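Going down the list, the protein sequences come from chains A and B. Per the working numbering, the first sequence runs over residues 13 to 723. Per the working numbering, the second sequence runs over residues 13 to 723.
Quick caveat, the hints were computed from the structure, so don't treat them as lab data. It is possible that part of the hints are untrue.
Example chain B residues on the side facing chain A (calculated, C-beta under 8 Å, incomplete) [as the list claims (entries may be wrong)]: (1) N324; (2) L410; (3) A425; (4) I546.
Every beta carbon over 12 Å from chain B, so not counted as near; a handful from chain A, in silico [stated by the list, open to error]: (5) V29; (6) Q37; (7) R68; (8) F87; (9) G259; (10) F313; (11) R335; (12) V344; (13) I371; (14) V449; (15) D533; (16) V581; (17) Y669.
Remember, predicted model here, so these are calculated numbers, not experimental data. All C-beta atoms, glycine included, are put in the ideal place defined by N, C-alpha and C.
Protein chains: 2
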Amino acid sequence: MLQATASVIIALLMGIVGVGFVLWQTRRVLSYDQGNAAMRKIAAAIQEGASAFLSREYRVIAIFVAIVATIISLFLQWQTALCFVVGAIASASAGYLGMYVAVRANVRTAAAASHGLHEGLRVAFGSGAIMGMAVVSFSLIGMTVLYLIFNGNPAQLTYITGFGFGASSIALFARVGGGIYTKAADVGADLVGKVEKGIPEDDPRNPAVIADNVGDNVGDVAGMGADLFESYSGSIIAAATLGAALGTDSAAAFIGLPFLVAAVGVISSLFGIYMVIGEEQNVTLASTYEDMSVTGRIAHFFRKQVAKINENASLEDLLTALRRSVWGASVVVLGLTLIVVLASGVSFNYWLVIVVGLIAGNAIAYATEYFTSYTEKPTQAIANATQTGAATTIIQGLAVGMMSTVLPVLIVAVAILLSIWLGFKADGTIAAGLYAVAVAGVGMLSTLGVTLATDAYGPVADNAGGIAEMSHLPGEVRHRTDALDSLGNTTAATGKGFAIGSAILTALALLAAYVTAAKIDNLNILGPTMLPGILIGAMMPYLFSALTMMAVGKAAHEIVLEVRRQFNVIPGLMEGTGEPDYKTCIAISTESALREMILPGSLAVVVPLVVGFVLGKEALAGLLVGTMSSGFLLAVMMANAGGAWDNAKKWIETGQYGGKGSEAHKAAVVGDTVGDPFKDTSGPSLNILIKLMTIVSLVFATSFGSGWLSF
Amino acid sequence: MLQATASVIIALLMGIVGVGFVLWQTRRVLSYDQGNAAMRKIAAAIQEGASAFLSREYRVIAIFVAIVATIISLFLQWQTALCFVVGAIASASAGYLGMYVAVRANVRTAAAASHGLHEGLRVAFGSGAIMGMAVVSFSLIGMTVLYLIFNGNPAQLTYITGFGFGASSIALFARVGGGIYTKAADVGADLVGKVEKGIPEDDPRNPAVIADNVGDNVGDVAGMGADLFESYSGSIIAAATLGAALGTDSAAAFIGLPFLVAAVGVISSLFGIYMVIGEEQNVTLASTYEDMSVTGRIAHFFRKQVAKINENASLEDLLTALRRSVWGASVVVLGLTLIVVLASGVSFNYWLVIVVGLIAGNAIAYATEYFTSYTEKPTQAIANATQTGAATTIIQGLAVGMMSTVLPVLIVAVAILLSIWLGFKADGTIAAGLYAVAVAGVGMLSTLGVTLATDAYGPVADNAGGIAEMSHLPGEVRHRTDALDSLGNTTAATGKGFAIGSAILTALALLAAYVTAAKIDNLNILGPTMLPGILIGAMMPYLFSALTMMAVGKAAHEIVLEVRRQFNVIPGLMEGTGEPDYKTCIAISTESALREMILPGSLAVVVPLVVGFVLGKEALAGLLVGTMSSGFLLAVMMANAGGAWDNAKKWIETGQYGGKGSEAHKAAVVGDTVGDPFKDTSGPSLNILIKLMTIVSLVFATSFGSGWLSF
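Construct all of the structure, not just a fragment, from the sequences and the given hints.
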């Protein structure tokens, strides 16, 4: 197992490199100019709101973690409980840091945008990069240190599943609670502000405006980060577990491979990030290229890779800059993993599997972009449907959402099929094939440092726009922050596609690990308890979505009442002379989000345990398959329908079908409002449901028997 | 096998009894008064429209059937092709007869409603009963005659799967084509009539009004009938096939059981129907009860069972009358099947299985009623959400639809689990358990004659209301037809729940038959091609729904253009002096419905074949499981959300939240319009998708190998 240990140590070292970058980059972002006093004041309110939310959320999480850790210690082992706590702390720390920086980078982005578009992009993306690299490196360090602590213990990988469970628990709070928070604040602010009072979006008189701005960060920085932290950790844990279970001579190499892939992913992600945030340099050659030394030529090559964004860059140009960074990282990963695979002695097929994973991840992102971008037919068809009213807008949006599931499903299905086949051809067993699926997941997520940066950048740009608006910065600055915000909307949509795609591969790998751990040898799909398990599993995402959608409605209603109350009792609020009470709105969003997530959250943990104990471990496998397949479809449908409605509205706002204020625009607003909980609450929460149910099953795998019915 | 043959002959005889009732009842319905000249004129237009649609549809079907029959003859056996043709003809004949009577009973119902509420109910329900009993008896006669023709041939049951495929093909046209037709006409008529021209619903000046009335029958008589014809035949075929494959000494009893259950179901359904349409009699006793002869007492008992509906009957009273008839039939089935089970020598457990099936069917219907009735909380919550606009109406409706999946899934899951367990306990194998699932399906559908009558009654009452409106009958008559129509709306919603529940049990039984026929022995859920199969399968309902929803949009758009054209070019149309051209609208609905169903319809047939040949027979089993579970959820969600929106609107129209014309009502109309394709096109079409994919797989089961990838 020496090789495995060596691989783990390499991964640990790369994790430390990642942390080094995170610290350096944090200092760099915080050193940027914070703009004028008005900007600082608004930013301070957002920071305070974010910190209020986080401290309240983390207090609840601490209680939850303590209870679950106790249960795990009692029913399983203390080591698993320890790993659980470490996983929770690692994910929470990454989320905290990401949020801390994001709510400080927003105002700095607004200030930097005064100097130019690229300056703004560099600050916002640099903040996203901190989140991305923190997720990757905290996860790697956490898992590798635990691995080394328990090194030599045959159950070491079993313990580490606890780390995944801990990460999942944080993801539950961050994604589900955060999803409810962000949309409750958004919808609540809009319903009174825009609809009743007729004041514009991001107007400082609206008492819910700060909660809304905090919500953007809560959802897309902390929520998305925790979601992918879970996928990232889960895919590595699953791959290592399945690799160890292969029991062949090369088990050590199989265990080590996912860690090595993740390790080279850190380097690759840093390169990708550099391509966006590296300082622009005039590449005037000191000597002609032919005369340069080798190091000079390499330096020249790197300097050439930094994106050059001029003032008139279109959305397409900006997108290209971000895409180049992801592609650049992918190319580096492909090169380095080829070396890793050859050096570690596993079959060349596993490199092909990594290629499959990387391509699948990017392909899903592009399929998502096609269905949600307003330059493409599907979203334009929704915009067209607004002409005949809200009903046809909704029908067309739902149809587009449903249609948009086809490509991601085919991509994932082909990726699974190819991975299993390549693994099978390499080592002759289906188990090797399932290991390959897990490796494909690790491959897909290897460049997470940079892909997550492109997501977590979004809310920073969005906030920067809000701050520019509220502090009345000049039009050209607002124009630049708008461009950065549009870019963020597009990357948010593709990020959601990537998140659900990776969640499915991770969940499948965890399912395979569960089946191995639970020692299930007969998983006949027509087994006595399997189909009931599958049906109940397929129902879970519907129940979960119903609950989260209703939760947004209830929480938004409370915000509406509070905002109305403030407009009634605070003198001069409407005239801009009274001070709105932002904190109460933040407190209401926080409390209602945490309260409303209890029921759906508990279901995700309790249902697998109940099914496992009552119907048996086979039924539980069925449950997971049902949830995975039905949840995948529903999540993609909701995320893409929501994104497409949002962009259909944006397209109309560019002047199509009568533009803002027209009947078509009103219908589009209905679509956009329906899409809000779809794309920012219920849809993304399903990723968590799928993974959390699977990891709970894996952690408790050895506790389940054959159920109460005797067959 | 003598016992099996005897059972089949009994079923044949009961089928003949059913046909006898159908003929007698048809004469009876046609003998009722047709009302005044205005009513006859409108009715004639509807009859002509229905006949135009059917003849056009049946011409297309004839071509389709000829092609598929040729393919079956070439690749499989001529006997299967023959059974396919017979199945198609049997289902089409039942649909034709049901439609023929329905479009004649509507005007007679309106006329009878002039005399009283019960008179109207008797005519409308009597028409529904013809559809119900025609479905049951045509199916039974078709299958039993084919069974007897091929008696002694070891492949006889394999051939008869062709009958199910034939029935499925008709269901595809009737449900999918019919679903597109009915909503295209409905939405098209409303968009120009109500919205643009401001004329009321069912106004004879609207050129699409007759197409709309024809559509009601096309969807809920022919469509629902063909759907349940397919479930009814499929469940019996699957049970017989699985029974034969058990290979025990009692195989003959196992094959015979489903036929016998169906046979006693005919008697029971007739009793249930009698409870509604039997002539009311004053039960004045000729002698005291104690003095009566045994036959006198029996006659007295039967007379007492006839529903008594007085003039002031509430919706609840009318519902109770229909419920009593279904319950009455269920009680009789329970008694008679107990005798059947005891007499045929199979385990008593199979009687319990029949009980499970019957209870499950009724339980799903009530769960559906709870979620879609405006006297209950879920629909009232939607009505409440209309106060904050269309967006919250849609969100709440979708959440209610999603929430409404929980109970049906749990009911079906428990029914499957109990059936498998009872079968396993009776005969010691999981195969016996799967046979028991099929028997539960047969049990659930045994009272189909009367349950379908309660569905197929709806459009007759709806049409009667339209005719009363268009021919300006007195207010009290219109009041009665409205009451009958409301009753029809409720039974339509519960009927949809029953249809999808039975589709799932049937599909599961057919899937088990497929696995047996394809000789699959390793169906590991983590097998190499299984998960890709499941994912693609889970995607199919989304693709299918997207296509059917878009089809309604396109077809409705064509109607809108035609109606606008007519208002522009026909002089005096708006003033009521010009004659609208109903026929062109009917022709457009017909053509577009048949055209738009080609793509989704072909997918349902082609995808299973492609997956079976390319990925192999195991992947195909996965595909079917994926489609079944995901389709079940989506179908229930769409049907119930649609029903709940519809009734939320109706509730507001009773005066809640400002009543008709209020802002809340406008939001409710948006919900109702979104719900239209949900509940009448896409949702119900998924039943067909699920069953058709399964039966195609079963028919071609022996042709599939292990796929192109080698494992």
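Index of numbered hints that the structure contradicts, given in increasing order: 1, 14 and 15
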